[in-house]
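Residue numbers (my numbering), protein chains in the order written: chain A, 2 to 352; chain B, 711 to 1087.
No lab work stands behind these hints, which were simulated from the structure alone. None of these values were measured; they are calculated from a predicted model. Glycine included, each C-beta is placed from N, C-alpha and C at the ideal position.
Stretch-level coverage of chain A by chain B, calculated; a stretch enters the list once three of its residues show a Cβ under 8 Å from a Cβ in chain B:
id	region
1	136-147
2	311-324
Facing chain A, from chain B, some residues (calculated, C-beta under 10 Å):
id	residue
3	Phe808
4	Phe883
5	Pro1052
6	Val1060
7	Ala1069
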Amino acid sequence: MSGATLRTDERSRLLVGTVLVVAALAVVSTTVFDLPVGAILTVGFVERALQAASPIALAAVGGLYAEKSGVFNIGLEGFMIFGAVAAATFTYLFGGDAPSQTTLWLGILGATFVCGLLSVAFAVLLVRYQANQIVAGLAVWFIGLGFGPFTAVLLWGNRNSPGLTSMSSVTVPGLSEIPILGRVLFDTSPLVWLAGALAVAAWVVLFRTKYGYWVQAAGENPEALDTAGIDVTRIRYAAVIFSGVMAGLGGAVLMAHAGSFTGTGDTMVNGRGWIAIVAYLFGNYNPIGAALAALLFGGLDMLQIQFQTAGIELPNRLVNLFPYVAVIVVLTVWGSTRMPSSVGEHYESEE
Amino acid sequence: MSDADSSRARALLDRAADRVFDLTVLERLALAAASTALALLIGLVVVAAAGYDPVQFLRFVFVGSFGDASATARTLKFTTILTLTGVAVAIAFRAGVFNIGVQGQFVVGGFTTVVTILWLAPMFPAGTVGGVLLMVFGTLAAVVAAGAYGALPGILKAYADANEIITTIMLNFVAVGVVGYLVEGAFRGEGNRAPNTERLPEYVSLPRIVYDNPDFSILGFAAALLVVALVAVVMARTTVGYDMVTSGFQQAAATFSGVDAERTIVTTMTLSGMVAGVAGAVFAIMIQGYYSDPAGVGTYGFDAIAVSLLAANNPLGVVPASLLFGGLDSAASYISINSDVPVQLIDGIVGLVVLFVAAPELFRMAAERIGLGGADR
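Isolated chain A, as found in the complex (with noise of 0.2 Å):
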């Protein structure tokens, strides 16, 4: 107890100590190099930086909840390029060259249903064949990277698809003329909405429902909810599932913020899983707060076009690299996370 006490004491420090380093940093930046600010956070920044956010928030929420239920679930980033590739291969599919709104929702739908079946093999793996967590994650991520740009050669002839059509924002009438508001949350892409909807309810069901705790329960304390009469090894399978089902629709929400898959390089998930894992650790296990982070990063990654725009010559390449910086720095400053006590062990009921 009294290191829980103790971590929240520190936690809280340097949660102080980041912000007026950042604070700091934006005065030194805005004086003595003259950044224009202004320019920089513009509304058109943040609808971009929720768009980017919510791909990993999807991802993060997912790997939380295995995370949470006692299994560490390293493998978002291959569930994601299965995700993007997956939702770019039902809309060509449904739609040929030119598909419509309705045939990327299909696609959206399709790849989440995919993802669904390859997180049911993985959990088997993982929970009943007791597989090395990690090396097994790690083994997604390559199984991936070799198949998603494979599925894409098949398809096209090419590791990238051809523009095939991107998520069109929904325009709330009324409410989206609300001044910068309005424009940020009522004349956006619904997936954001998404997003923030599933984090939330994430939320709720972890934190105020009776199957939040049993989740809670099996990454903590097993043998207790085992005795309680409820079947650890279910719970685990049903968080391992939906973290890869999670991942997948984040994947699929990045192809539809898109418009195409690209299968060069890491692919255009491009790192993005892990540092969904990076987010719900800043974000201290809970759904909200791994969004929140998840919106950090999403900002850091939009970056580069507000320095284009705001005229500061600055290599698109290294700008490109922001976040995974800030993911080095943030689990420097941070550390570790407390992890539920029993992730990673296996259990097997005393029967």
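Let chain A serve as the given structure and place chain B on it in line with the hints.
Chain B alone, transformed into the frame defined by chain A:
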């Protein structure tokens, strides 16, 4: 700040290591064979499902890897790099630290080699002696740079408790981005249209003997074997190696017997990065002869994870394991020329091998079911 946490994470690693080390050598070989066979089988099903001829594909895999002298030379070329990167991964895994950053360290090492040699070349006589000296200095520079790049996540883990799996992966992205930026701009060879550095001088190269392949020299392979032997000796016969391996096996016991856990983590990661640096140097000198955008240099550092796992993180076991994956890579280049099956399939198959190696229980239970198990119990 979180002794309880790090000891828990450590216990997690211990259990994972226990599982791997529990297996006997024979079981390990069976596991490797079964994993590879099952992964290939799934690959063949995918090939058939995609409308290609699986029998033809399988034939191409064999012909393309060891079919003739040129295929063998190509296989050995990949094997050389995979052996070095595989040993780099094995050092860390064996000590209970996950170094997923070998790819980044490999890139940093290779780039440093090329830059160092290009910088020093005017100061040395052109010719064999100058060439040898330049290669030695280039490799040393790679060892230093990649060792430092590997030490960084080690320090962050030891003293700030930052999860090394994630920091090393992030550092891979950073290495590829920064080196890519430098190759595109400041270090682009004069008049180069492609984002490449200048070529290394003609005389900075390994001689072609036994195999006549411009990208492969048996001396490179010999150097890789030498590094393997060296690492095996360090791990088995020196205090540093002993501390590393005991930390990997039993953290509590190691600490009790006076091993400085933090320092061991940093040493391990540095050593691992240094070997990755040698891999980068050999790649730059033997294969490329210049440095290009690292986004396209090949995922040797990631495949090395598969290699190391298949070898149960044993430095000596890395050699046969990299021969297997070298063969698969070589087959992939052959297939990409001679068949229209997308080669990315091979990457997927490698991933599947890793997945199955991670789950020995899968095969144990399957073997029990068909009545093969129980012999070793």
